[in-house]
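Once you have looked at the hints, place chain U on chain F.
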Amino acid sequence: MTTTTSDERTVSGGVGTDAARPDGILKVTGEFAYGSDLWADEMLWGVTLRSPHPSARIVSIDLGPALALPGVYAVLTADDVPGERRYGLEVDDQPVLATGVVRYQGEPVALVAAEHPETARRAAALIVVDYEVLQPVTDAIAALEPGAPVLHPEPTPVVERSREDAHLHPSGNLFRHLKIRKGEDHPVADVVVEGDYQVGMQDQAFLGPESGLAVPGEDGGVDLFVATQWLHVDQQQICRALALPPEKVRLTLAGVGGAFGGREDLSMHVHACLLALHTGKPVKMSYNREESFFGHVHRHPATMHYVHGFTRDGDLVFVRAQIWLDGGAYLSSSAAVVGNAGLMGIGPYVVPHVRMDCYGAYTNNPPCGAMRGFGAVQAAFAYESQMDKAAEVLGMDPVDLRCRNAMEEGSVAPTGQVLDSPAPVVELLRRLQTMPMPAVAPADGHDLRRLPGGVANSTHGEGVRRGVGYAVAYKNIGFSEGFDDYSTARVRLEVHDGEPVVTVHTAAAEVGQGLVTVQQQIARTELGVERVVVAPADTTVGSGGSSSASRQTYVTGGAVREACRLVRAELQARCGVESWDDVDWAQAEAALAGEYVEATTEWRHRPTEAVDPETGQGFAHVQYAFAAHRAVVDVDVELGLVKVVELACTQDVGHAVNPQAVAGQIHGGTAQGMGLALMEEVVVTDGIIRNPSFTDYLIPTILDMPPMQVDILELPDPHAPYGLRGVGEPPTISSGPAVLAAVRAATGLPLTRVPIRPEHICGTRS
Amino acid sequence: MRVDLTVNGERRQAEDVWEGESLLYLLRERLGLPGAKNACEQGECGSCSVYLDGDVVCACLVAAGQAEGRDVVTVEGLADGDVLDPVQQAFLDAGAVQCGFCTPGLVVAVHDLLRRVPSPDDSTVREALAGNLCRCTGYEAVLDAVRRAAGQT
Chain F
1 MTTTTSDERT
11 VSGGVGTDAA
21 RPDGILKVTG
31 EFAYGSDLWA
41 DEMLWGVTLR
51 SPHPSARIVS
61 IDLGPALALP
71 GVYAVLTADD
81 VPGERRYGLE
91 VDDQPVLATG
101 VVRYQGEPVA
111 LVAAEHPETA
121 RRAAALIVVD
131 YEVLQPVTDA
141 IAALEPGAPV
151 LHPEPTPVVE
161 RSREDAHLHP
171 SGNLFRHLKI
181 RKGEDHPVAD
191 VVVEGDYQVG
201 MQDQAFLGPE
211 SGLAVPGEDG
221 GVDLFVATQW
231 LHVDQQQICR
241 ALALPPEKVR
251 LTLAGVGGAF
261 GGREDLSMHV
271 HACLLALHTG
281 KPVKMSYNRE
291 ESFFGHVHRH
301 PATMHYVHGF
311 TRDGDLVFVR
321 AQIWLDGGAY
331 LSSSAAVVGN
341 AGLMGIGPYV
351 VPHVRMDCYG
361 AYTNNPPCGA
371 MRGFGAVQAA
381 FAYESQMDKA
391 AEVLGMDPVD
401 LRCRNAMEEG
411 SVAPTGQVLD
421 SPAPVVELLR
431 RLQTMPMPAV
441 APADGHDLRR
451 LPGGVANSTH
461 GEGVRRGVGY
471 AVAYKNIGFS
481 EGFDDYSTAR
491 VRLEVHDGEP
501 VVTVHTAAAE
511 VGQGLVTVQQ
521 QIARTELGVE
531 RVVVAPADTT
541 VGSGGSSSAS
551 RQTYVTGGAV
561 REACRLVRAE
571 LQARCGVESW
581 DDVDWAQAEA
591 ALAGEYVEAT
601 TEWRHRPTEA
611 VDPETGQGFA
621 HVQYAFAAHR
631 AVVDVDVELG
641 LVKVVELACT
651 QDVGHAVNPQ
661 AVAGQIHGGT
671 AQGMGLALME
681 EVVVTDGIIR
691 NPSFTDYLIP
701 TILDMPPMQV
711 DILELPDPHA
721 PYGLRGVGEP
731 PTISSGPAVL
741 AAVRAATGLP
751 LTRVPIRPEH
761 ICGTRS
Chain U
1 MRVDLTVNGE
11 RRQAEDVWEG
21 ESLLYLLRER
31 LGLPGAKNAC
41 EQGECGSCSV
51 YLDGDVVCAC
61 LVAAGQAEGR
71 DVVTVEGLAD
81 GDVLDPVQQA
91 FLDAGAVQCG
101 FCTPGLVVAV
111 HDLLRRVPSP
121 DDSTVREALA
131 GNLCRCTGYE
141 AVLDAVRRAA
151 GQT
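So the sequence lines, in the order shown, correspond to chains F and U. First residue of the first sequence: 1, per my numbering; consecutive thereafter. First residue of the second sequence: 1, per my numbering; consecutive thereafter.
Just chain F, same shape as in the assembly (with noise of 0.2 Å):
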């Protein structure tokens, strides 16, 4: 008999490798089939029908000139839905479809289904509602004043209310009030910086719509086809608005076009169901670019003021802070973005005494919820800004007074939480000082691409300044605050001929991050099998939990590597031997004689606990994770315009599982948050979206873009799976700040709000 040795057994394509997509040939070849891809034999095209008021009450709706149009097979409304009304991420406040009132401009009103997707859309304005228009709630400080307009009358269950909240509206729109109380009450300080911040409205703006196939079974049940974050959690949904139990519901993940938050809410999930079910045919939900802005929510506006305290030798004393997110007008998980933007709310340093008080608030404004960063984006501009303030009216460095101040590995959190792994923030920032700088663009102005305006030819290189800022920020990493955070996974080992083949089957969706390949890569290392195929992710396996976060390669990457080690101790003990190295594939087909083995498994980071809601003590957070960035802008400070000369980063990652996506996670983070820096909002005007297009609402392109510098560290965490990090949010929230810092420098204005306008900087805007 042969021995195989583990030696031996080493595959190509493991954890620490820059392995292949699975997915990847079909994705250049145009081959990978999307949600908006689906096609089914007798497909009807769903279209919804949406309120144009942002608070109305809906006095009648006619339905019948849009029944009578040829083509036409359904149009439902509220009354048509079965089970449940309402649905949501953490309580059951928004209407599958409107009744009675309409809280938000878009909300969804009626839906049809008919043969052609043109014929859909006509026979939806043929619908007629009649509304009573009333005022809306536009203002998330004003939502919050006695007298307001209540959205919600009835009361929000959602969390753990703090005694002193009465105070602020009894049974208003507040759904959240986050405190921190740690230290003196009134701590005193030689040095005090105050500021006003504001962050506009972020759209996840992800290429692929909102999208979905619904084909009802023969059981009475519907099988949905979807794009999603989480599929268990829709499925939950789903069910209760059909009343229908989960093994009717049977949800397979569709190819996701990029999702950062905005698809952890439904959208025409359960209305494709409705009209599947209502129709007995498959039907087809496709939103359009504009729909899609009406479709999701949003990156909540802040609002925020800061008073920070030092010792003359810029030693942190104190912070006192308050901010305020709008959430809309339904609760999504906004609840726990206010937990969220409070808790990471100081920034990466270390403050002995915090008073923090993070407020959200209904409104009638577009409801938001996740987008990459999560809350931690927001508190970021304001905290760096005021780092920055700080140093200069204490005459420091800036990246000297944050190195001072800043948070290491036993350092104690505001939370009281003691960081039990590396928290390398100097690091990361002493080596962003060392990285080379760009070259200054020829004063000659020859090549006008180089310049602020760019071949608009604005500028010849007069009136042109170059700018550096500097920013560091840190993220919670999984769900925090007790939440019980846990994924699936199934994993099977067969032998054929020889070959061993692994199939690794989780709920946990890829949406475009790289998922699948961690998970090929995690198979391939704990099993010595190079040959492991991804099943598609659906709800016939347990949950995988959101791919939000930043979480899937830590937990369903946790779980898969868990489930493969029951499979090696399986077949261990079927081949009788006591070592793993002991395995050899021929023996272990013969002893599996023609069976396979299998384990699913459910895997839990270490639990985290919720907050006490009079201080905001406790351990919240399973992992913390640090980015820093340092931008170089040159601004054309008479026209306002900002060309972002480069963007470098710095980023511990604990363990790089797959080098190449993380940097690609590092690239595409920068961006999203140098485009709220300086170029991305939803424009909200009385209620109502000014811009939901492509052509109004700028998400940077390849010319916005700079080249970027990388640099990624690896200082593993004791607690982690292979000793890795979350990486996708942290670059999201430290590159916005640093390229605010940077026009500051270069303009000596004190811009306090992103994005940041041409009117902001040449001064045309009173």
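Don't read these hints as lab results, they were simulated from the structure. Cβ coordinates follow ideal geometry from the N, Cα and C atoms, glycine included.
Short, incomplete list of chain F residues facing chain U, as computed with Cβ under 10 Å:
id	residue
1	G24
2	T119
3	N288
4	D447
5	I702
Non-contacting residues of chain F with respect to chain U, defined by C-beta distances greater than 10 Å in every case (computed):
id	residue
6	L69
7	L76
8	E84
9	R86
10	L126
11	T138
12	K281
13	E392
14	V399
15	V426
16	E530
17	L713
18	P716
Below, chain U alone, put in the same frame as chain F:
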């Protein structure tokens, strides 16, 4: 109406086309070629880029009827059987594919660029691809892919 055209070298015909349909809809929903993508359907994102008589266009901005009798090449027509076009291979090697929704449009746009300018510098690449939005990659890996493909073609 009926539309006759050549797609990826094959004569194709679609019946009962509504006059308001775009070439993108025709390709995706009537001819079974969903490679060109529907990210914005207003000519801003480039994800539906295809060749029309040798020029790259946004298929969403071309009426289906305008394609009558013309020659269309989509991303599905670039590979030679199982052998990927060098541009497609370069996107994989560079890690320029994440969610992949922009990828078909970018592959077509880069394919076109390298036909016209075999060795473009980065500024030229940025200018040429400014009409193709990507939300995942920050374009770093896309630039790398173009450099790699330029070295191969």
